[in-house]
Amino acid sequence: MTLQTAIAIGLLMGIVFGFALEKSRVFEPGVIVGQMQFQNFIMLKVFLTAVATGAIVLAFLNGFGFVKLAPKAANFGADIVGGLVLGVGITLAGACPGTTLAQIGAGYRDALFTLFGGLFGALAYSYFEPRISSVLSMNGPKTIFTDYVGIPYWMGALALAAILVVMLVLLERWQPYSEEFGRNYDGDLHS
Amino acid sequence: MSISLTAKAWSPYAAGIGIGILQIPAFLLIETALGASSSYVTVADLIASWFDPSLLKIDYAAKHVALTGKNWWQVALVGGIAIGAFLSAKLSGARRAAISPVWQRATGTSSPAKRYALAFLAGFIMLFGARIADGCTSGHGLSGMAQLSVGSTVAVAAMFAGAILAAKVLLRRI
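Note that the protein sequences, when read in sequence, are chains A and B. So for the first sequence, my numbering puts the first residue at 11; every next one is plus one. So for the second sequence, my numbering puts the first residue at 1487; every next one is plus one.
There may be inaccurate statements among the hints.
[Unchecked claim] Quick list of in silico lysine to aspartate or glutamate cross-link-like pairs, EDC-like style, CA-CA up to 16 Å:
id, chain 1, residue 1, chain 2, residue 2
1, A, K78, B, E1517
2, B, K1543, A, E189
3, B, K1556, B, E1517
4, B, K1549, A, E139
5, B, K1494, A, E189
These are computed hints drawn from the structure, not numbers from a lab.
With the hints as extra help, turn the sequences into a complete structure.
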């Protein structure tokens, strides 16, 4: 595949991704901060639905041998330290690295500053990477949960999807999504 | 609620299915999983390397700016997100303030300059953390958890822990 083809595919996929992020309202700062303050569960609903869908499609694609999995290495120190720092950034940005771009597309001006901050953060990491990777191991095994129990991935993935669907049904019964958008569909329930 | 292109909102389940299905072209065509944060390294390091060519002596930087399909596919993906969100907002006729009104309640100030400064800092922290963890909400969250990755699940748990703690300690209730 040529570079141009990969870029064209990326653009098309990104447009679908951005469309879904905007329509679900999950890109709204009010939805992301609201999730972290347990006032709003739209983020968890979109996120877990996407994980469950991904698990089902990958169970088929991998189970029938069409694709190989590409899990990231398990480096618990880096995963925990990095995850905590990332989480603090997500709350203060009211965005994740991907939804920052959705905020820009939808017209939030502060998201441009989030983007620039993110580029500088990524650059700073690149300069420190040799030192950071000498402290935190980055070459752990690419373990997936089904390795522990000796069943094929597809079985575990379908089990995960089933568990997530049950969780989502209960979550929706407890707090229906239609009550979580707010008058302006920005997750702001008080305006 | 329908899932028309002009709707203001879709059900989170319809949107989540749409996002999850994107793993099919990602794995089949690009042989990788959905992700977003490494594109920041690709763009930032490429631009920085014009001013400081020695940056590319760091393997990590060189690997990310290389003209490979995977690197630039992800940059295009992230750029496409902005286009898709723009189109979706235009089609629904959504009008919104330049800064979400929730920030005033969360931070106690309506100063745009203070919000911009916090957003810059937040973006910096977010990407620095994502690069330490080697992934973000997309790579570790959507893709890692769907692949049953042990490391990704730990990273996502830490991410939510950090985010919930910050929302309690650093922000006011929105």
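Exercise. What are the numbers of the hints that this structure violates, sorted from low to high?
Worked result: Hint 2 is the one this structure does not satisfy, whereas the remaining hints hold.
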